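Peer 1: Here are the chains, one letter per residue:
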Amino acid sequence: MGLETLLTQDLEYRERRALENNHLLDVSDLKTYFFTKRGLVRAVDGVSFKINKGNVFGLVGESGCGKSVTALSILKLVPDPPGKIVGGRVLFEGEDLLQKNEKEMEDIRGGKISMIFQDPLTSLDPIVRVGDQIVEAIRAHTDLNSDRAWEKAVKILGEVGIPDAEVRAKQYPFQLSGGMRQRVMIAIALVTEPHLLIADEPTTNLDVTIQAQILTLLKDIQSKTNTSVLFITHNLGIVAWICNELAVMYAGRIVEYGSTRSVFNNPLHPYTTLLLKAVPRLDISKSVLESIEGDVPDLVNPPSGCRFHPRCPYAKKICSSIEPPMIETEEAHYAACLIYDKEKWGSS
Amino acid sequence: MSRLKDVKRLFFGEASELSIIVDHLKSDKPALFGLGVILLLVIMAVFADVISPYDPNAQDLSRRLEPPSWEHPFGRDEFGRDILSRIIHGSRISLTVGVVVISISLLIGTALGALSGYIGGWVDMVIMRIADIFLAFPGLLLAIGLTAVLGQSIINVMAALAIVNWPGYARVIRSQVLYIKGLDYVEASRVMGASNARILVSHVLPNSFAPIIVLATIGMGWAILAEAGLSFLGLGVQPPTPSWGSIIATGRDFIFRAPHITTIPGIVLALSILAFNLFGDGLRDALDPRLRI
Amino acid sequence: MLRYIVRRLLLVIPVFIGVSLIAFLIMKLTPGDPVLNVLGMQPTSDPSFIASMRAELGLDDPIYIQYGKFLWRVLHGDLGRSIGSNKPVILLVSEALPRTLLLVVSSMIVAIAIGIPIGMVSSIKQHSVVDHATRVGSIFAASLPDFWLGLMLMMIFSYYLGLTPISGYGRPEHIILPAVTLGVGLAGLITRLTRSSMLEVIRQDYIRAAKAKGMSERGVIFKHALRNALIPIVTVLGLQFGFLLAGAFFVEWVFAWPGIGRLAVQAIQQRDYPVVLGALLVTSIAYVVINIVVDIIYSYIDPRVQYE
Chain A
1 MGLETLLTQD LEYRERRALE NNHLLDVSDL KTYFFTKRGL VRAVDGVSFK INKGNVFGLV
61 GESGCGKSVT ALSILKLVPD PPGKIVGGRV LFEGEDLLQK NEKEMEDIRG GKISMIFQDP
121 LTSLDPIVRV GDQIVEAIRA HTDLNSDRAW EKAVKILGEV GIPDAEVRAK QYPFQLSGGM
181 RQRVMIAIAL VTEPHLLIAD EPTTNLDVTI QAQILTLLKD IQSKTNTSVL FITHNLGIVA
241 WICNELAVMY AGRIVEYGST RSVFNNPLHP YTTLLLKAVP RLDISKSVLE SIEGDVPDLV
301 NPPSGCRFHP RCPYAKKICS SIEPPMIETE EAHYAACLIY DKEKWGSS
Chain B
349 MSRLKDVKRL FFGEASELSI IVDHLKSDKP ALFGLGVILL LVIMAVFADV ISPYDPNAQD
409 LSRRLEPPSW EHPFGRDEFG RDILSRIIHG SRISLTVGVV VISISLLIGT ALGALSGYIG
469 GWVDMVIMRI ADIFLAFPGL LLAIGLTAVL GQSIINVMAA LAIVNWPGYA RVIRSQVLYI
529 KGLDYVEASR VMGASNARIL VSHVLPNSFA PIIVLATIGM GWAILAEAGL SFLGLGVQPP
589 TPSWGSIIAT GRDFIFRAPH ITTIPGIVLA LSILAFNLFG DGLRDALDPR LRI
Chain C
642 MLRYIVRRLL LVIPVFIGVS LIAFLIMKLT PGDPVLNVLG MQPTSDPSFI ASMRAELGLD
702 DPIYIQYGKF LWRVLHGDLG RSIGSNKPVI LLVSEALPRT LLLVVSSMIV AIAIGIPIGM
762 VSSIKQHSVV DHATRVGSIF AASLPDFWLG LMLMMIFSYY LGLTPISGYG RPEHIILPAV
822 TLGVGLAGLI TRLTRSSMLE VIRQDYIRAA KAKGMSERGV IFKHALRNAL IPIVTVLGLQ
882 FGFLLAGAFF VEWVFAWPGI GRLAVQAIQQ RDYPVVLGAL LVTSIAYVVI NIVVDIIYSY
942 IDPRVQYE
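Residue numbers (this note's numbering), protein chains in the order written: chain A, 1 to 348; chain B, 349 to 641; chain C, 642 to 949.
Calculated directly from the structure, the hints in this document are not laboratory data. Treat each hint with caution, since some may be false.
As the list claims (entries may be wrong) - List time: in silico EDC-like cross-link candidates among lysine to aspartate or glutamate, alpha-carbon distance up to 20 Å: (1) A/LYS37 to B/ASP408; (2) A/LYS76 to C/ASP846; (3) A/LYS84 to C/ASP846; (4) C/LYS864 to A/ASP143; (5) B/LYS377 to C/ASP772; (6) A/LYS170 to C/ASP943; (7) A/LYS84 to C/GLU858.
Since we're looking at a predicted model, the values are computed, not measured.
Here chain A stands alone, though its shape is the one from the complex (with noise of 0.2 Å):
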């Protein structure tokens, strides 16, 4: 990842700040909580950010954290029960999704929002063909008839990097490989054009080669199409490689927010920073692995104040009273982190 990518990507990414009202989805203090048998889990407890057109906007975070049902609520799909919306906004191109009704969430979905899931082989349905499962995504948001959609499939799954694609479209999904079927899911999440793309870890299940193969294919189409990305994943490689704005999650908040140039070249908060550091690399030698201390929070009893000062390797006293709000350090980069906040930092 050489330090030429990430100046390009910062100064198209500037560019686009420019833009500054253009944004193409804005979620505002999202809170979404499952009422289970062992309590109430905060799963996403007060998340904000805005993607802009044609950005690719990273979510990060460890398994658990709540970036999957931040997505998940964007397009209200969270199982209710036990799972409920119980707040917040989500603008998308200027109207608010949490007031829609489900027929008109229909449309959006697979239409101006698709998404991608993690595991391809669970996400197809076993006993339909795979050009099958694309045509259905064509003829519930156009017109067309059965011929022209199928032809449709074909030529999509041709686009998607998928070799024989008559042959192929006929198939089901046991017989294609890990790869292929993430192509199948791109492809169906494609074919459409959507404006916004959901993609939720669709490279976590797949072999090394694979991933670098499915990634660069994504990059390729998002240039191509300028469609705006939400990427969520837990692997900083791929977000510093695809994504030029992220945010990375802690216990259902988000904690640091900002352009990719600044959060790894400055980062913030001090998770993201024991995020970077936990990360092997080839290129610095370390004798030793560092790891975070401690486990991941109880999202039914959650740490009081600062979610992260259990584990937090600077808290002080303050930090288990207050919840740190989001304090812009530089320019456009912002870290939820009493440190920042000189007066209550140095008074205790």
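For this one, chain A is given, so just place chains B and C on it according to the hints.
Peer 2: Chains B and C only, in chain A's frame:
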């Protein structure tokens, strides 16, 4: 309430599996209903002679086919016999058949299943093939065929039903044995000298308990149904022994004149089978570890 | 597809051999002298005639030759003659079997028509009143003894309400009560199975992914959920044909439906062993063939099976 918990803890230990199971069952009303009916049946069967208002075989031809009345709540049959008493004694037959059949199948099934699992090889293959055939083929048909060959009596019915029923248990025991065989700590205890029998008793049996008891409970329901059916066809008990099935059979000839003869024993039979099924179903839910979060 | 069908059909052969072997052994084990059984004579008859009969029936041959001859006869359709009526068993059986199959298939249809919709509704409205009622109701239905149920329905609908004929065979109305009687028990099972299968399927990722495509709730349920949920149901259906077949014996008896069940039971009561044997043999074969047909239907729903 907390005292009850203390007592439970005393008997069953901390955070006991058993108490979780019992709690689950307590909230399962249909299962409790089933258990209640089962207990009622047991009492009926054991104390039949005491509870019966009349001798089940006492005939009174002048009063045949009488409908239910105060003296004879279930009416009289075609020989003037009191149906209530016959039903009470019939419970003896049904429960006896059930218990005997299940016990024998359990014994055979456990023995063969354990043998199959331990020895493995072609013994295992042969036993399992036979079990598969039995499991695949409708048991009742086999039982009918067997009674046809062996002759029509209640003993033969029990034998036939037991022969049909053992494979289910054999399968369960066998898979437990195979699982236990593969566990490391079993290898270790074997090295230390524990005999096979000991391993069987202390590991295989307790772990198989759950699926076996569910199978056995539902199996009781099936055995009762099967016995009634075979007796209905005349292949089981011979007159004048009062099996619920045979009462229904004879009542069939008078179904339009005296419907109570067929209707009432049938209701009792249906309730009994239902009871075992409901309880077995409740047991299955209570023992299912997936529901215990 | 064809290869799969052929593969399955080939399985009939070993099963047929197995079943015929068992039938043969049963025949040999039947108490009583087979000659006397076949001839229906008293033991005091002419001994030399019996001896020649014995030789003619091949009873002095080694057992495997007897089996071979038996198999040969069976394959040629010679199942002996009924002791009671002296009619060829094969004739009686081939008349009776289709009627039983008609009954069994009809009851299967009844069971599916009732069971699947209720099961589906129950799964969609989990934990509701409908769901709990369904759970108890389906166990209740499955616990009812079919011979008794048949009698009850006969009493209510034929006698008191006069809606259906009491028993017999010939007109379409005759099949209603028998089919419903036999089907109700199975309906209970299918309801429960459909419910649990649907619940399992609805949790799957591909359902969520289908919704994310923008498909309507109805589309997702019918095109994806139901089809996948049917897989374990169809699996069980094959086994259930066995129970239906067994139940048919009773229902035919109650409603005087002239199928194989009635034939067999009558034969057992009259100790007409050739008929009993023939009926059981044919029933077993029918059971196996039905299972194969079910397997083939199954492979339509779940194409993965063909490639194993």
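Peer 1: Flag every earlier hint the structure violates by its number, smallest first.
Peer 2: The structure breaks only hint 1.
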